[in-house]
Structure formats: structure tokens, C-alpha cells
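Take these sequences, add in the hints, and give me the full structure.
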Amino acid sequence: MAEDSVEEHYLGYKRVVSKLGFEAAQSQYRQQHNQPIALSLLIEFHYLQHEIYQYRNDPDRATRSIRAGIQLLSKDAFIHDEAQQIVQTLDWFDTIESENQDQYEGLQAVYKGFIHLPTRCELVRYVARHDPLNFDVLASDLIQIARCLNSRCLIQLSEMISSVVEEKPACAAMVRHSLVERQLLPELVTRITVLYCQDEVRTKRLVAIH
Numbered sequence: 000m001a002e003d004s005v006e007e008h009y010l011g012y013k014r015v016v017s018k019l020g021f022e023a024a025q026s027q028y029r030q031q032h033n034q035p036i037a038l039s040l041l042i043e044f045h046y047l048q049h050e051i052y053q054y055r056n057d058p059d060r061a062t063r064s065i066r067a068g069i070q071l072l073s074k075d076a077f078i079h080d081e082a083q084q085i086v087q088t089l090d091w092f093d094t095i096e097s098e099n100q101d102q103y104e105g106l107q108a109v110y111k112g113f114i115h116l117p118t119r120c121e122l123v124r125y126v127a128r129h130d131p132l133n134f135d136v137l138a139s140d141l142i143q144i145a146r147c148l149n150s151r152c153l154i155q156l157s158e159m160i161s162s163v164v165e166e167k168p169a170c171a172a173m174v175r176h177s178l179v180e181r182q183l184l185p186e187l188v189t190r191i192t193v194l195y196c197q198d199e200v201r202t203k204r205l206v207a208i209h
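For the sequence shown, numbering that gives the first Met the number 0 gives the first residue as 0, with consecutive numbering after it.
Worth flagging that the hints you see were computed from the coordinates, not collected in a lab.
Keep in mind that the hints are not guaranteed to be accurate.
Cβ pair distances, simulated, as ranges [as the list claims (entries may be wrong)]: (1) 36 to 180: 17 to 23 Å; (2) 132 to 1: 38 to 44 Å; (3) 181 to 33: 29 to 35 Å; (4) 182 to 80: 37 to 43 Å; (5) 100 to 1: 36 to 42 Å; (6) 23 to 80: 27 to 33 Å; (7) 176 to 14: 41 to 47 Å; (8) 59 to 146: 17 to 23 Å; (9) 3 to 182: 23 to 29 Å; (10) 128 to 74: 15 to 21 Å.
Computed cross-link-like contacts, SDA-like style, restricted to lysine to any residue with a CA-CA straight-line distance of at most 25 Å [stated by the list, open to error]: (11) 167 to 154; (12) 13 to 68; (13) 18 to 75; (14) 167 to 118.
No residue lacks a Cβ here, since even glycine has one placed at the ideal position from N, Cα and C.
Okay, here's the thing in C-alpha cells:
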């Protein structure tokens, strides 16, 4: 299926959502026979956005709903085999949603959805690996999410940020600085400092002394 056709099918799915409701669209479009992977991913990204918005005040219910409804993005083997396709489709999803002004919270809502998946760390690790030019945006989005999460989700987000830093250790100082500046995730700050930033912290202390 050509890219234009995939996008048209995705927009058709969204029209069904607006006219008949989310469940009807899911029933009609999810995992059709021979459906292109890109279309399945677009629908799963949209599902994550929708469920995060729907259950924004009930993270436990969001977890149950997301784990029940997500198929491809919850499979380690699929993520490993289709990592580049996932990242490319995520960028495409962001473009489509921006053009149609339909985003709930941009990609932040998708990343919030990742939190509820057992594959969350692998997902953001591959985003960092295959979309390096947007690493700063990814890190910033993950850090900004922290202010609206409960304690359990904060632990899971901390795991995700740690995975991103492991993938791009050269960016550890930037991530650490952002966390310190916002007074977020002190245990993660300590971990990043010990593993990646001891020399930088030591240098700053020496400069301050002199």
C-alpha cells in the first residue's frame, strides 16, 4: 500500500472515530488482514494518545486499557525487528496529527502511553538510536512528563530516561542539568552523576573553590 493510501486509511479511521466512536473504529480497522505495518502503528499511536487522555486521572485504568489494546508495540521481538519502521512512523504520526491539528498533547501523550507498556525502555531507546537529530526533543518531552505522574509512573519514567541516556551517554550532562534545574527525579540524577558525569561535577567544584 502506498504512503498516500496508508495516510488516507488512517484519516478514514479517525473519521470513523468521530462519527461512530472509538470502539467502532477499533473494531473496523485494527489488525485487518494484510494491513501495512505503518497503518497498524499509526492506529496504535492514536490509541495511546486517546487512552492517556481518556484516563488522565486514573493511571491504573490507563495501564489496564493500554496493555489490553496494544498489540505490536508490546512485543519485544517486533520492536527489535521493526525499530526503524516504528521511529519513522512515529515521526510521520506527529506530522499527520500536527497538520490536522488533532494532537492531544503531541508526542508527549504517546510517550506517556509508552510508560504503561512493558516494552517502554526499548521503545525510547530505539527512538534515541534511530532519530538522533531529535534527541533533545525526546529528552525534553520525557522530562516534562514527570510533573504530572504518580509515584509508580515516575519510577517507570525514570527507567525510560535512564535507557535513553545509556543509548546516548554523550548527552548525559544535558539530561542531568535539566533534571537538576527542574528539581526532578533526584535518584536518577544521582545515578547519572555517578555513571556519566563525575568528572564534570568535580571540575565545577574545583572552579567554584578557586
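Hint numbers contradicted by this structure
1, 2, 3, 5, 9 and 13
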